[in-house]
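**Q** Listed below, chain by chain, are the residues.
Protein chains: 2
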Amino acid sequence: MYIILVYDVDSDRVSKVCKYLRQHLTWVQNSVFEGEISTGRLARVKSDLRKLTQSDYDSVLIYQLESPKWLNKETIGIEKNEMSNLL
Amino acid sequence: MYIILVYDVDSDRVSKVCKYLRQHLTWVQNSVFEGEISTGRLARVKSDLRKLTQSDYDSVLIYQLESPKWLNKETIGIEKNEMSNLL
Chain H
0 MYIILVYDVD
10 SDRVSKVCKY
20 LRQHLTWVQN
30 SVFEGEISTG
40 RLARVKSDLR
50 KLTQSDYDSV
60 LIYQLESPKW
70 LNKETIGIEK
80 NEMSNLL
Chain Y
0 MYIILVYDVD
10 SDRVSKVCKY
20 LRQHLTWVQN
30 SVFEGEISTG
40 RLARVKSDLR
50 KLTQSDYDSV
60 LIYQLESPKW
70 LNKETIGIEK
80 NEMSNLL
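Quick note, the sequences are listed as chains H and Y, same order.
By numbering that gives the first Met the number 0, the letter at position 73 of the first sequence is numbered 72, and the numbering carries on one by one without gaps.
By numbering that gives the first Met the number 0, the letter at position 36 of the second sequence is numbered 35, and the numbering carries on one by one without gaps.
No wet-lab data here; the hints were simulated from the structure.
Keep in mind the model is a prediction, meaning the values are calculated, not measured.
Ideal Cβ placement from N, Cα and C applies to all residues, glycine included.
Each statement offered as a hint is correct.
Only some residues are given here: those of chain Y computed to face chain H with a beta carbon under 7 Å:
{"no.": "1", "residue": "ASN29"}
{"no.": "2", "residue": "LEU48"}
{"no.": "3", "residue": "ARG49"}
{"no.": "4", "residue": "ASP57"}
{"no.": "5", "residue": "LEU60"}
{"no.": "6", "residue": "ILE61"}
{"no.": "7", "residue": "TRP69"}
{"no.": "8", "residue": "ASN71"}
{"no.": "9", "residue": "GLU73"}
{"no.": "10", "residue": "THR74"}
{"no.": "11", "residue": "ILE77"}
{"no.": "12", "residue": "LYS79"}
The shape of chain H in the complex, shown without the other chains (with noise of 0.2 Å):
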């Protein structure tokens, strides 16, 4: 499947969640990130975030799609992927 995770948390856990997010998913801006998946994965994935976050602070928003050709994605402004190397 595929999914666009989007996170908000506290800055004290920013750096480890978004370091441990580019080994699963494409990094596409700040806090957010996409890519193909599969079940498994995204259940160690989500298994993992549970325990990288606080529950009662944090919050990691999961969309699920059987495919990105239902989605049809556009930018306003710049391409912020094209630094993730600088992030």
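Given the coordinates of chain H, assemble chain Y onto it according to the supplied hints.
**A** Same frame as chain H, now just chain Y:
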């Protein structure tokens, strides 16, 4: 159509952008809005966002779907939209 909109704009412009988007979409998390929107209204929103943001610095991602029925949404941690009136 249904859209998910995620912005990453300079702190000087966040408040204005957020306030503007609240008139057209539903706030779901820090920097994330969602909602049903007509093609015409979306065109207006995009045009207004181009004026409200700085194209060489800010970035607004818009994911469009024909219907939210293709989308499965899940939250890890807190559902921040419960607090939307406070922000």
